[in-house]
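> Now for the letters of each chain:
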Amino acid sequence: MSPNPMLFGALLLASLFVFCAGCYRRLSLISLGQPDERFDSTGERLRQMFLHAFAQKQVVGKFFGLNHAVIFWSFLVLLLANGDFVLHGLFPSFSLALLPAPLHHALLFAFDLVSLLTLAAVLFAFARRLFFPHPSMSSAYVKARSVEGLLILSFIALLMLAYFGLHGAELAMGKEQGAAYLPVSALAAKLVAANFPASLESVFLFCWWLHAAALLGFLCLLPQSKHMHILTAIPNIFFGALGKSNTQPRERFVKGGSYGAATVGDFTWKDLLDGFACTECGRCQDACPAACTGKSLNPRQVIHAIKTNLLENGPRLRKGMPATAPLVGPEGEATSTAETVWSCTTCGSCMSVCPVLIEHMPKMVKMRRHLVQMESSFPEELLAFFENMEGRSNPWGIAPSERTKWHPTIDVKPFEAGKTEYLFYVGCAGAFDSRQKQVSVAMATILDAAGLSWGTLGKDEKCCGDSLRRLGNEFVFEQMARDNVRLLQESVVKKIVTQCPHCFTTLKNDYRQYGLDLEVIHHTELISRLLADKRLKLNKQVTDLGSVIFHDSCYLGRHNEIYDAPREALQMATGKAPGEFGRSGKESFCCGAGGGRMWQEEQEGERINLNRVKEALEKKPDTICVSCPYCMTMMEDGLKDLQAGGTRVRDLAEVVAEGLRA
Amino acid sequence: MLIVVCIKQVPDTTQVQIDPVTNTLVRDGIPFIVNPYDTHALEAALQLKDRFGFRVAAISMGPPNAEATLRKALSLGVDKAILLSDRVFGGADTLATSNVLTRAIQLLNKQEEVGLVLCGKQTIDGDTAQVGPGIATRLGYTQLTLVDRVERVDSLSRKIRVRRKLEGRHEIVEAPFPAMITVVRELNQPRYPTVPMRLDSADAEVTVWNNEVLKLDVATIGLKGSPTWVSRIFSPEREKGEVVGDGLNDPVAAANLLIDKLLSKDLIAV
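As you go down the protein sequences, you meet chains U and H in turn.
Be aware that the first sequence starts at 1, since it is given in the numbering used here, and climbs by one per residue.
Be aware that the second sequence starts at 1, since it is given in the numbering used here, and climbs by one per residue.
You may find that some hints are simply not true.
[Said to hold, decoys possible] Over 12 Å on every C-beta distance to chain U, these chain H residues come out as not near it, computed from the model:
| hint | residue |
| --- | --- |
| 1 | Pro31 |
| 2 | Asn109 |
| 3 | Ser231 |
| 4 | Leu267 |
[What the hints assert, rightly or not] As a list, the in silico SDA-like pairs of lysine to any residue whose alpha-carbon atoms are at most 20 Å apart:
| hint | chain 1 | residue 1 | chain 2 | residue 2 |
| --- | --- | --- | --- | --- |
| 5 | U | Lys255 | H | Ala68 |
| 6 | U | Lys619 | U | Arg661 |
| 7 | U | Lys255 | H | Ala269 |
| 8 | U | Lys459 | H | Pro193 |
| 9 | U | Lys586 | U | Asn560 |
| 10 | U | Lys319 | U | Ser31 |
| 11 | U | Lys459 | U | Val485 |
| 12 | U | Lys462 | H | Lys240 |
| 13 | U | Lys405 | H | Ile18 |
| 14 | U | Lys459 | H | Asp12 |
| 15 | U | Lys459 | H | Val26 |
| 16 | U | Lys462 | U | Val476 |
| 17 | H | Lys240 | U | Lys537 |
| 18 | U | Lys419 | U | Leu488 |
| 19 | U | Lys459 | H | Ile18 |
None of these hints come from the bench; they were simulated from the model.
All C-beta atoms in this analysis are idealised placements derived from N, C-alpha and C, irrespective of residue type, glycine included.
Only chain H is shown next, with the shape it has when bound in the complex:
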């Protein structure tokens, strides 16, 4: 059985700045990283591989340099890596992206039965959290979002039971395979690649699938297939902070004052 992990290369947003003139992200010289939530999805898949012997495939849609992201996945232990890259995929919103990923998973399913699809709950650049559910809908898979714990996996009866992290509560749900799961950071601690795995991944094969392979209608992918348009992007004005109390001479009183202020604004709870 195959587990497919969808991963994305994103700019390291702590280093991103917004061009005040064009209102676009300044990406020059900003390093790319694997979307942090996806690293937890990857870890979850690798743990299932370690426990049950499932195989793991990582897929990513992106420009040719997104190969680095897949190499990272290979260094962590995925069995195959597929880059979905084609000019016609470019400029995609979440809908068009889901279409591409869905088709790729369908193709993989023809090679080897897919039991689970794992995604991070969202990406740190788009922050929509729509792609995972979009894939599940198109594939007709059960969707289990915001998972923070895998309770049980039964490979015989082909079921997975997970805990979902919701606002103020947890929910334990079970679903049959195939299922799509999105994960939150609390799920696990991603592993660190060993040096032999890094060296092996350096020249392991990353398969590239373009639209000649996926054969999708160009009206459903890329910019053309994207009904969402970003009209403006900007940094919110940050309110200037204030100095609370006299921390130099009376730190205890200053700390108490600060706590009172935060409590009164409902920013912290006792």
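Bound-form chain U, shown alone:
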């Protein structure tokens, strides 16, 4: 007796209907999003998809990710097995045995072994959720021991057990000839034969229907749960940002327009797809400097809120009705609070660890854009910052005429078109901040010692506008960007060197959107190159700074992938490789000042800079080497707060300039 194909067909049809309806209900909401050009560079996108989806590159970056990779690859293999199961259920005459025998046997062997692997992986996952859940597996609304998570694992486990049961019964009945190719099922066959010798047929039928029920149940549940990522993760990776998502798209300012994201409908379709692709793995939560220091921001929850908001409001928005829940508002599953949105340092760690390439940071900025530009709603400290930027083109509101006061004793030439090679873009901190001015002087010393032709824009230099853009004040940023691009083009600048990763990324990546395309290098790259080329010769090896540990700036490292240059320069200057933080390189932890956080108070939770400085002190360094004015301030403040007087902070330029002393 074989299972009734009609009954199975009817159940399959019903399940497919539930599955398709669920998928349509959710995925059709994505069409509410704004346009976003993500259909270019197909080859590169396919490569990205292969690397991150099929090769599970990011997933296996964490130890337990291996378990996921096993389940993922097993799923691909078992897709064939289940295809066979369904076809055989509908058309009993269909069988893989119709294939050439070697292929058939190979497949049977693979299915059998992979099912065992899957079962083991699922049991590990069960145990992890139940007995040793990592804190980052739980967020405010999704817990490690959630019914949904355990239910899905149960379905998969059931599917595997039923698989062995039905094949075991078949083997015991002598209906399946390939016992040699089904080692695990052969074990099951022994068990079945020993326990139910008289009712093998019933065991077979029971297991077959159990297998069918698990398969169809899984199908129905899939689009209702976070396991929808099985369907959405691969396309999300395909459409993911190519290269680094280190800048924001421009906005078009026209009368009657609306700016930033107030409701889910203001996001792009890709932003919305991100919500459905999130697997709630919690890696972003584990990497986020705000989440790690007890602030309300949890990047995973932000994405979860966007998805929940879309499910709640999408159908209303489609009918032209207003959304019932804003994106930013009182605390709730479908909204992020203002504190959440303003806590982001835009360090990019969430994006760099996301296995499915979700872009969190641009969404934060879009929500900020709405708050600043449409509602004039932002932390009060930012009012003075915004006015200072507009009125005096620097964060502190210092008179622009003071811009050249960092070099009272040294001769700095103005940049001359056609004559000067490098424009040294001093930056606001380099020009006004008393500590960073010392770095500017060190830079000038290095540039002179290397015999480079360089100059500055003097009092005409303006702020690059980095913080404005990350804070969502795109309107004022655009004005400053246009002015700066015009100034740089009129001055016929071809090469710029900056000492600040924020100036660096803004001039290099953001201004490209305004037609500026020139060579922008960060001083760590230039110094490293000058040392390597022996154009910069040190008078002595720098030893009096003791043991040096290097802190990666987010906008130099993660956002622009410059990790080696500063380390090589330190190696050449001090004679040995710098020490490393526990979290370094791609996993470096923010100092807490990026994304305009420099200009805001930090009231919630532990201070981010203290967290980072404590991490440094674990390595007992004499010197923390930085490459960014914000990191400089945050590290120095942190050391003062912790009264760690034995450790000092030096910019890379200062370390190298030390070697130029006679």
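With chain U's structure known, arrange chain H on it following the hints.
Chain H only, in chain U's frame:
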């Protein structure tokens, strides 16, 4: 009811330098800003608009480029903006300025009843604090100067009660409309313009009234109507500072020494 806010375009004084030869302000290349005290008057008016639905007009006397100041006011939400600009208004002192502003307010009052006139307590370029009271005197309005809090506004009985910030004390006073109020910075936190308001203000109308509209006697306005003459302007010599204690090696002792010095000179109080 209309609230009139008098605002002035001033040079950003933190960036102003004095020409050592001519003893005049070097204004070349110095950006202009809205007089900071006036931004608080503007905010106070806009808050009354938000609460009571009053209409707000911003007026400014100045050269044609002072239009930018009025556009800023428009971007913040004032209903109309009037620039009082004419060559004959130029070179005015506080008296002549009050005459021009007074006439403009009288003309506005004919269009729509004026209940309040708001000014900053003073401008950061002239620092006289005379124009507000000058207007009140000429208009015959009650004057409430140095206001740091609006206690109550009763639009039915047409009264306003405010707190004045005086040396070492506060004073709560009440006056009937129409009244002239000058405000200090503590009154409020000025709002930040939204982008739609900025874009709308870019081509909103700024009405220009010259003396053909105001019809003032030229002997009472501009340079001719100004009895005050500035004979000299100069930067005071700054006494050279001194280094107190040894902050590098003993910062605590240096800080204590500094505090003692400041206390002994009565520059700080415990």
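> Would you mind marking each hint as holding or not holding in the structure?
Hint check:
Distance check on Pro31/H: its Cβ comes as close as 7 Å (rounded) to a Cβ of chain U, failing to clear the 12 Å threshold; non-interface status is violated. Here Asn109/H stays apart from chain U, with its beta-carbon at least about 31 Å from theirs, past the 12 Å limit. With a cut of 12 Å on Cβ distances, Ser231/H stays outside the contact zone with chain U, its closest approach being about 28 Å. Look at Leu267/H: its CB is around 23 Å from the nearest CB on chain U, clear of 12 Å, so calling it non-interface holds up.
A threshold of 20 Å between alpha carbons decides the hint, and for Lys255/U with Ala68/H the separation of about 19 Å falls inside it, so the pair holds. With a CA separation close to 28 Å, the supplied pair Lys619/U and Arg661/U exceeds the 20 Å bound. A distance of roughly 54 Å separates the Cα atoms of Lys255/U and Ala269/H; the hinted pair therefore is violated under the 20 Å criterion. At most 20 Å may separate the alpha-carbon atoms for a hinted pair to count; Lys459/U and Pro193/H exceed this at roughly 28 Å.
For a cut-off of 20 Å, the pair hint linking Lys586/U to Asn560/U stands: about 10 Å separates their Cα positions. Taking the CA atoms of Lys319/U and Ser31/U, the gap is near 13 Å; set against the 20 Å cutoff, the hint holds. A C-alpha spacing of about 16 Å is found between Lys459/U and Val485/U, which places the hinted pair at or below 20 Å, so the restraint holds. Distance check on the hinted pair: Lys462/U and Lys240/H sit about 31 Å apart at the alpha-carbon level, beyond 20 Å; violated.
This hinted pair checks out: Lys405/U and Ile18/H have alpha carbons roughly 19 Å apart, not beyond 20 Å. Taking the CA atoms of Lys459/U and Asp12/H, the gap is about 16 Å. The hint holds against a cut of 20 Å. Of the supplied pair hints, the one linking Lys459/U and Val26/H holds, its CA atoms being roughly 16 Å apart against a limit of 20 Å. Restraint check: the Cα-Cα separation between Lys462/U and Val476/U comes to about 13 Å, which is no more than 20 Å; the hinted pair holds.
Distance restraint check for Lys240/H and Lys537/U: the Cα-Cα separation of roughly 42 Å exceeds the 20 Å cut-off, and the hinted pair is therefore not satisfied. For the hint linking Lys419/U to Leu488/U, the alpha-carbon distance of about 15 Å falls within 20 Å, and the restraint holds. Restraint check: the Cα-Cα separation between Lys459/U and Ile18/H comes to about 18 Å, which is no more than 20 Å; the hinted pair holds.
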